[in-house]
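Protein chains: 6
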Amino acid sequence: MTRLVQYEDAPPEARAVFDAIKAARGVPDVNNFWKALAVHPPTLARTWDSLSQVMAPGALNPLVKEMLYLAASMAAGCAYCIASHGAAARAKGMTDAQYGELLAVVAMAAETNRLAEALRVPVDPRFD
Amino acid sequence: MTRLVQYEDAPPEARAVFDAIKAARGVPDVNNFWKALAVHPPTLARTWDSLSQVMAPGALNPLVKEMLYLAASMAAGCAYCIASHGAAARAKGMTDAQYGELLAVVAMAAETNRLAEALRVPVDPRFD
Amino acid sequence: MTRLVQYEDAPPEARAVFDAIKAARGVPDVNNFWKALAVHPPTLARTWDSLSQVMAPGALNPLVKEMLYLAASMAAGCAYCIASHGAAARAKGMTDAQYGELLAVVAMAAETNRLAEALRVPVDPRFD
Amino acid sequence: MTRLVQYEDAPPEARAVFDAIKAARGVPDVNNFWKALAVHPPTLARTWDSLSQVMAPGALNPLVKEMLYLAASMAAGCAYCIASHGAAARAKGMTDAQYGELLAVVAMAAETNRLAEALRVPVDPRFD
Amino acid sequence: MTRLVQYEDAPPEARAVFDAIKAARGVPDVNNFWKALAVHPPTLARTWDSLSQVMAPGALNPLVKEMLYLAASMAAGCAYCIASHGAAARAKGMTDAQYGELLAVVAMAAETNRLAEALRVPVDPRFD
Amino acid sequence: MTRLVQYEDAPPEARAVFDAIKAARGVPDVNNFWKALAVHPPTLARTWDSLSQVMAPGALNPLVKEMLYLAASMAAGCAYCIASHGAAARAKGMTDAQYGELLAVVAMAAETNRLAEALRVPVDPRFD
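Residue numbers (this note's numbering), protein chains in the order written: chain A, 5 to 132; chain B, 5 to 132; chain C, 5 to 132; chain D, 5 to 132; chain E, 5 to 132; chain F, 5 to 132.
It should be emphasised that the hints constitute simulated quantities derived from the structure, not laboratory data.
Hints may contain errors.
[As the list claims (entries may be wrong)] For lysine to aspartate or glutamate, the following EDC-like pairs were computed, each having C-alpha atoms within a straight-line distance of at most 20 Å: (1) K96/F x E17/E; (2) K26/A x D13/A; (3) K26/F x D13/F; (4) K96/E x D132/F.
None of these values were measured; they are calculated from a predicted model.
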């Protein structure tokens with residue numbers, strides 16, 4: 005698998021991002037995703053910065069944002085992201101019943117997405 | 005583009021589904037998606053039946069379900085589905101601000117999904 | 005849209021491939037796909053050569069091969085390929101009922117593919 | 005990996021589906037896919053119900069349906085589904101030569117799908 | 005299609021980004037992509053900011069970066085992005101011959117990507 | 005995982021391709037990809053033949069071609085291909101800094117590809 009950069013081996017710019025993540029989340033260590041990204045410190049810094057902005061509370065509450073992130077990750081088939089955002093959604097209060105319904109919506113979307121494309125359905129004028 | 009089966013040309017099994025959709029949604033005609041699906045009445049019937057079950061109110065409210073559907077459709081890049089579920093989410097109350105944040109989450113997920121896969125990041129044991 | 009190279013404007017290497025396609029298929033002109041590929045004659049020649057080998061009759065009959073091609077193109081969401089291989093499958097005898105069932109299988113696969121990935125299901129040992 | 009619900013721990017609605025699968029297939033236990041889906045019994049029941057309808061013999065024979073399912077799963081890159089439907093196709097009689105040709109068609113489709121999209125080829129009027 | 009926000013209708017935060025893009029590129033107006041993104045000014049600002057950082061000259065020259073962007077967009081099948089980054093690569097000096105070879109590499113990658121996944125090939129230990 | 009055909013068990017047509025790969029690359033054994041492909045010798049031969057043509061030096065130098073292959077494989081999320089073409093790019097001289105920038109471009113493309121599709125942005129007339 006990929007090279008994971010540990011805190012003690014990280015260059016200063018990466019260490020600063022690790023510190024920011026640990027402080028924001030109140031955790032003793034960062035996830036593997038961040039350790040892997042540290043192979044390119046500018047991408048590590050930019051990704052954390054963007055993610056913090058995007059996931060901040062706003063017009064959508066944090067649990068809904070996390071479930072949207074999980075749904076998009078399931079639709080894209082990213083195993084790591086499904087695992088990490090699934091855990092994050094649980095931590096923010098997603099119940100088993102909510103998870104089951106999210107799963108059903110994502111699966112249904114996959115089926116109708118495919119049907120709409122396979123049939124090359126023209127967009128209804130009233131949608132625009 | 006695809007062949008769209010109009011109500012007057014639809015076989016009885018398809019017409020029954022069209023009637024059910026119109027009644028459930030209180031609309032005078034069905035969307036192009038359903039007219040296109042009518043080329044195979046068993047798939048039309050099964051899809052409507054499944055969709056009704058999946059989108060019924062439950063542990064998640066209808067707007068959240070619709071936004072999850074939209075996010076999954078955006079992640080899959082289905083233009084028709086983005087248009088139809090975007091319109092449906094608006095009809096269920098999605099505001100401009102909520103739409104903007106949903107878009108940002110989906111875009112961010114696309115970026116981190118790709119990074120996690122490109123780096124082949126191993127799943128953290130604590131996620132499972 | 006893309007630049008389409010017409011026969012009269014094509015360089016000799018491209019013209020030779022156009023001639024081979026017209027002869028093999030008994031048609032007066034080639035499809036847009038080949039005219040578009042002619043912007044890079046080596047890719048045009050290689051693609052036609054590979055396609056001819058892959059689609060030749062073998063352990064699978066030509067209609068089954070064409071339906072597999074159509075199913076894969078639907079799963080990948082390629083609108084042009086769905087249109088062209090849909091037309092080719094019709095020309096090789098695909099009936100409305102067979103098309104409807106193919107569509108249903110592709111849609112069902114999209115749904116269960118997504119579910120298997122979303123749930124990160126481990127492969128059963130007996131499959132290998 | 006994912007949580008797999010065993011028969012003895014399954015709630016009654018899930019157990020009923022497990023029983024139906026075992027009876028239909030004449031097997032002593034269900035695959036991991038169904039055990040994973042049992043985290044949401046309504047999705048488990050709906051998926052089995054839909055799959056049974058879609059895969060029933062019809063205008064296409066069961067082996068062709070299974071090969072279409074396999075081709076679509078390969079095009080979508082779902083490892084679990086490739087393993088399970090590959091095993092199912094073998095069980096229904098797919099030979100090594102047929103498998104090799106299916107693989108070649110799926111790979112060729114991936115290449116030409118990408119080329120058609122990269123070149124943004126306009127659909128030929130005669131396809132519609 | 006989507007709503008495009010013109011300069012005169014844009015809110016101040018969006019207008020500032022439009023001005024920055026026009027200044028950086030020396031163009032009288034921004035592309036549709038930016039006008040569409042202006043429906044959510046924070047995403048517009050964040051995207052322009054990230055793009056500027058990522059595409060700045062560095063260890064890779066601007067033409068190579070633009071060709072990598074084009075290749076990734078082709079692999080993802082994004083028609084708009086193929087058109088816009090294709091035009092950008094041409095503007096940075098991509099020749100017809102380079103474009104043809106890029107197309108061939110992307111198509112070949114699509115085929116071998118699919119084969120590697122369809123065959124579920126285990127990663128060779130020496131790659132890591 | 006998949007069945008890997010070793011040299012000593014390979015049929016003559018597959019062995020000839022293995023010999024050609026070993027000679028061209030100066031390696032004592034072929035990668036797992038080729039051993040897996042040997043289950044269908046015609047696909048093995050055709051794939052090696054195509055790959056040799058596509059990756060030969062031309063208007064783009066071998067390192068740029070390899071990086072384009074890697075970028076396309078990352079965009080498609082093929083873990084095996086990311087590992088093998090990542091190793092090949094390193095062998096052809098890709099530095100850590102170049103790898104980091106390639107990763108950033110691919111991630112950025114994923115985000116803007118998704119945004120362009122989610123917003124259904126119309127192609128600017130001047131791109132064509």
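### Query
If you draw a straight line from the CA of K96/E to the CA of D132/F, is it 20 Å or shorter?
Distance of about 16 Å is within 20 Å: holds.
### Task
Assess, step by step, whether the Cα of K96/F is no farther than 20 Å from the Cα of E17/E, and give holds or violated.
45 Å, violated
### Message
Just to be careful, I want the Cα atoms of K26/F and D13/F compared with a cutoff of 20 Å; is the pair within it?
### Response
Holds. K26/F to D13/F sits at ~17 Å (cutoff 20 Å).
### Straight-line alpha-carbon gap K26/A to D13/A, limit 20 Å
Cα-Cα ~17 Å, so holds.
Violated hint for the displayed structure: number 1, the only one.
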